[in-house]
Amino acid sequence: MEFDEQAIIRRVRSGDKDAFGDLVRLYHAPVRVLLGRYVYDRNVRDDLSQEAFVRAFTKLSGYRGDSSFRTWLLGIARNVAREYLRREARRTKTMKTAVESSLADWRDELAAREPDTDVVPEAALRTCLDKMAPQARKLAWDFHGRGVSADDIAGRLGTTANAVRIKLFRIRKLLRQCIESQLAQQEVPS
Amino acid sequence: MSVNIEELWCRHIDGDDMSADDVDKLHETLEADADLREELLADEGMVGMLAAFFDAERSEDAFVSEWRGHMDAHATEDAFVRGVLNRTKRRTALTGLAATVAWIVASLAAAATLVSLVHFGVVGGKKKRTDPAPLTQPAVATAPYDIKEEGTPPAGGFILKDSFDEGLKNWEIVSGPVVSMGKQGKMPDDCGFAAVTDAAESHVELTESHGGAVVIRKDSYDGRYVGIRLKKAITASSFSISFRFRYETAGLIVRTALLEPRPGVEYEFSTVGGVAVPATTRVWHSMRAEYAWSTDSKGRRLDVRKMRDGRIREEVAYRGMDSCTAVICIAKGEMILDDVTICSPPRKADE
Numbered sequence: 001m002e003f004d005e006q007a008i009i010r011r012v013r014s015g016d017k018d019a020f021g022d023l024v025r026l027y028h029a030p031v032r033v034l035l036g037r038y039v040y041d042r043n044v045r046d047d048l049s050q051e052a053f054v055r056a057f058t059k060l061s062g063y064r065g066d067s068s069f070r071t072w073l074l075g076i077a078r079n080v081a082r083e084y085l086r087r088e089a090r091r092t093k094t095m096k097t098a099v100e101s102s103l104a105d106w107r108d109e110l111a112a113r114e115p116d117t118d119v120v121p122e123a124a125l126r127t128c129l130d131k132m133a134p135q136a137r138k139l140a141w142d143f144h145g146r147g148v149s150a151d152d153i154a155g156r157l158g159t160t161a162n163a164v165r166i167k168l169f170r171i172r173k174l175l176r177q178c179i180e181s182q183l184a185q186q187e188v189p190s
Numbered sequence: 001m002s003v004n005i006e007e008l009w010c011r012h013i014d015g016d017d018m019s020a021d022d023v024d025k026l027h028e029t030l031e032a033d034a035d036l037r038e039e040l041l042a043d044e045g046m047v048g049m050l051a052a053f054f055d056a057e058r059s060e061d062a063f064v065s066e067w068r069g070h071m072d073a074h075a076t077e078d079a080f081v082r083g084v085l086n087r088t089k090r091r092t093a094l095t096g097l098a099a100t101v102a103w104i105v106a107s108l109a110a111a112a113t114l115v116s117l118v119h120f121g122v123v124g125g126k127k128k129r130t131d132p133a134p135l136t137q138p139a140v141a142t143a144p145y146d147i148k149e150e151g152t153p154p155a156g157g158f159i160l161k162d163s164f165d166e167g168l169k170n171w172e173i174v175s176g177p178v179v180s181m182g183k184q185g186k187m188p189d190d191c192g193f194a195a196v197t198d199a200a201e202s203h204v205e206l207t208e209s210h211g212g213a214v215v216i217r218k219d220s221y222d223g224r225y226v227g228i229r230l231k232k233a234i235t236a237s238s239f240s241i242s243f244r245f246r247y248e249t250a251g252l253i254v255r256t257a258l259l260e261p262r263p264g265v266e267y268e269f270s271t272v273g274g275v276a277v278p279a280t281t282r283v284w285h286s287m288r289a290e291y292a293w294s295t296d297s298k299g300r301r302l303d304v305r306k307m308r309d310g311r312i313r314e315e316v317a318y319r320g321m322d323s324c325t326a327v328i329c330i331a332k333g334e335m336i337l338d339d340v341t342i343c344s345p346p347r348k349a350d351e
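Read top to bottom, the protein sequences are chains Z and H.
Numbers 1 to 190, taken from our numbering, label the letters of the first sequence in order.
Numbers 1 to 351, taken from our numbering, label the letters of the second sequence in order.
Just so you know, these hints were derived from the structure itself, not from any lab.
It is possible that part of the hints are untrue.
[Claimed, not checked] Over the 12 Å line for every Cβ pair with chain Z, so calculated as not near, a few chain H residues: (1) GLU166; (2) GLY167; (3) LYS169; (4) ASP219; (5) LYS231; (6) SER237; (7) THR280; (8) TRP293; (9) ASP296; (10) ILE312; (11) GLU314; (12) VAL316; (13) THR325; (14) ALA331.
[To be verified] Partner residues are not named here, just some residues of chain Z that face chain H (Cβ under 10 Å, in silico): (15) ILE9; (16) ARG25; (17) ALA29; (18) PRO30; (19) TYR40; (20) ASN43; (21) VAL99; (22) LEU125; (23) ARG126; (24) ALA140; (25) ARG165; (26) LEU175; (27) ARG176.
Ideal placement from N, C-alpha and C gives every residue a C-beta, glycine not left out.
Here chain H stands alone, though its shape is the one from the complex:
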């Protein structure tokens, strides 16, 4: 091997800026010399093995805890159920409440068996995509999907499992102003408000990388968000929404909203709210939120608990809404989104 090719290869491996001529020369040499190619690919493999070896030596705990983080996402569910129970008991003695709460408990407990799998987006497995196009503008379906609220879903009761294998047929691309709302404070889930369907929006794409996913991208903050919204409201009495996401840029203004609130919504209280759970750039994270409708002396309320990577970020309750849907959006940066799962237990006969 000539010193020049060795040097070009080493610069390539190191990600050094190379002139077009140098890149062409390296390419031509690799194409022409199978033995050299094999040796340099072996060198590339050694680069990866060395880095992996050193990583494994010093980050065993981090690696294992990342695994545990996924698993722990669900260990706190019982606590949430108890929390909903206690709050609701304190606030009301409405007829039928016990049945409602018991149903919530049963719902969440049933969902819990699935959650560990849901978080990884592995339930049901992902179909291989046949379309090799790396980046395509997704087709926006004209007919919304059929929400499976009835029938006999598997344990946990899926409403939707979407790895975007069939594009965005269940979703519409939306954009809208970032606004403050709520009588007592800024509503955390405000990005769904006033969202308008914007099929021409070019900030949302499908990508083949990471096994197929949606990329939401916005270069600068201008007071608007872009994202995707589920085409139908979710009317189940309790449900969870999970998805995997990965920030590709730092310094994001990201809103992973899961509701579509309306003006006048009362942001009633936050028991855990505001907990910072950092998300590392270019690392997959999991987001999960659990919702449970109930009724107290003031009327209907929606209890929400949000978790990132298994840690509770906030626990809030809303009033003034009669439906909700999922909106996942950002106001700045780039986010890859995959494996959205919405599940609810089968409805009971009296509901």
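Bound conformation, chain Z alone:
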């Protein structure tokens, strides 16, 4: 699908709110993946993703085009995530176990010190998944995509749930390394 992003923005500004749906379609993946980086509860992540688009829609009149729309939108999404993490860090102090409370604090700290960048690794993630051995990709898809439990996967593979979890942990580690490598190649030499 071809998009003239600026033309869509002009249409939205002139009152065609449906046109914003094209921007949602175009950018929902990077927004959701960016929020996934901070929030791994699926329901919360989708809520926050919708919230990011709502904010972008309501603030569109303030977008002056100094940066790309994608950068501007991802900045909004990142702020939505940070606000959520701050709230969670406060909330978990009385609601959750000590480890959950500490993790909430650490996530908040990590998000606060991460640089504002529009590099969202959804394309790199796609490339890395494509490069992965089919069995490993299927395992990742079953567990993270389809929500099949470690117990069920273990039953199918004739192994233990813990062995499946460890295998997934190592797959994720390989993916992280692959993504870092991909992103490093994209960097423009100074």
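Given the coordinates of chain Z, work out where chain H should sit on it, guided by the hints.
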């Protein structure tokens, strides 16, 4: 990283039941080893990114349609206005009716410009709360709020915008029996009837999660509902009530009543009523209802159209009421409620 810690982390990420000793061990290790902590948080981020990536691949249409659902909530308003117009024209030729209808049209049209924002609870933005307490019993104010029916409200004319940043000062906690009423059938909005103020009711709480909201919770069905009721009647000639809600439990018996009817109310007709619009658990939905008073040969009537997520659930008309207020309640389950907006256009000079 020792295999044991790796295993504990993986079990934690998977939500596996862990002994207190295992949880403590994981916690202590994470606190003591900053590098390990960073790596495991990166792993957690990868878990979220992978899930989001797969979700985005397979649910693009669902995501976009959820967005459109919010927007479409308002696209049908013109049809409603026409419906009110046509029905009223058929039923009466009372003097002054045309002016009334024209006013309704103007009212709803003015409201329409705001609705898309109202639905998301984004109009005016939500103030950050300074109170970090996650769950507190709300203070029930002694003095009701001042309904802004006069003056010069912004386009669309807000009566009330409430994100519960200041607790439940505009609302009272109520409970009461779930009853049937109406001469011709069970009134859909029956939970406001016979509601008694019940400040001691422990089923309503404020929560910091979701940016601040009200949680209404009731563990089992016992023929009673619990909820909140606006402290003053709404006397505007036409208005809309919108709010966001989220069911936290399945199998709910929920009544999102928006009126406080009285015995003897006649449930006159339902043109669209009974349309099932499912609400998914743990997903935010929007509820919107539009009200317009008019007069026909039988007297005053209140036309109501209710929508969930932009789809009409029912369209009804009531008689026998001379005022109404907002009551949002449940008879069973748990519901999170936020961003209640009630708006009405500015009154005309002759009203």
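Separation of H/SER237 from chain Z, once the least beta-carbon distance is taken, above 12 Å:
Label holds. Min Cβ-Cβ 28 Å, cutoff 12 Å.
Given Z/LEU125 as an interface hint, is the shortest Cβ-Cβ distance to chain H below 10 Å?
Because about 5 Å separates Z/LEU125 from the closest Cβ in chain H, which is inside the 10 Å limit, the hint holds.
Hint validity - Z/ILE9 Cβ closer than 10 Å to any chain H Cβ
Interface hint status for Z/ILE9: violated (16 Å vs cutoff 10 Å).
Report holds or violated for the interface hint on Z/ASN43, using the least CB-CB distance to chain H and a cut-off of 10 Å.
holds, 5 Å
Given a cut of 10 Å on the nearest C-beta pair, is the interface hint for Z/ALA140 held or broken against chain H?
Given a least distance of 6 Å, the restraint on Z/ALA140 holds.
Minimum Cβ separation between H/ASP296 and chain Z greater than 12 Å?
Given that every Cβ of chain Z is farther than 12 Å from that of H/ASP296, nearest at about 35 Å, it holds.
Restraint check, 10 Å cut-off on beta carbons, for Z/ARG25 near chain H:
Holds - the Cβ of Z/ARG25 comes within 10 Å of chain H, reaching about 5 Å at its closest.
Decide, holds or violated, for the assertion that all CB atoms of chain Z are farther than 12 Å from the CB of H/VAL316.
holds, 29 Å
Evaluate the condition: distance from the CB of H/GLY167 to the nearest CB of chain Z exceeds 12 Å.
Fine: 17 Å to the nearest Cβ keeps H/GLY167 off the interface.
Just double-check H/GLU314 for me: nearest Cβ-Cβ distance to chain Z has to come out over 12 Å.
holds, 26 Å
Confirm or reject the statement that H/GLU166 sits farther than 12 Å, beta carbon to beta carbon, from all of chain Z.
holds, 18 Å
Taking the closest pair, is the beta carbon of H/LYS231 still more than 12 Å from chain Z?
At about 28 Å from chain Z, H/LYS231 clears the 12 Å cut-off, so the statement holds.
Against the hints set out earlier in the document, violations occur for numbers 7, 15.
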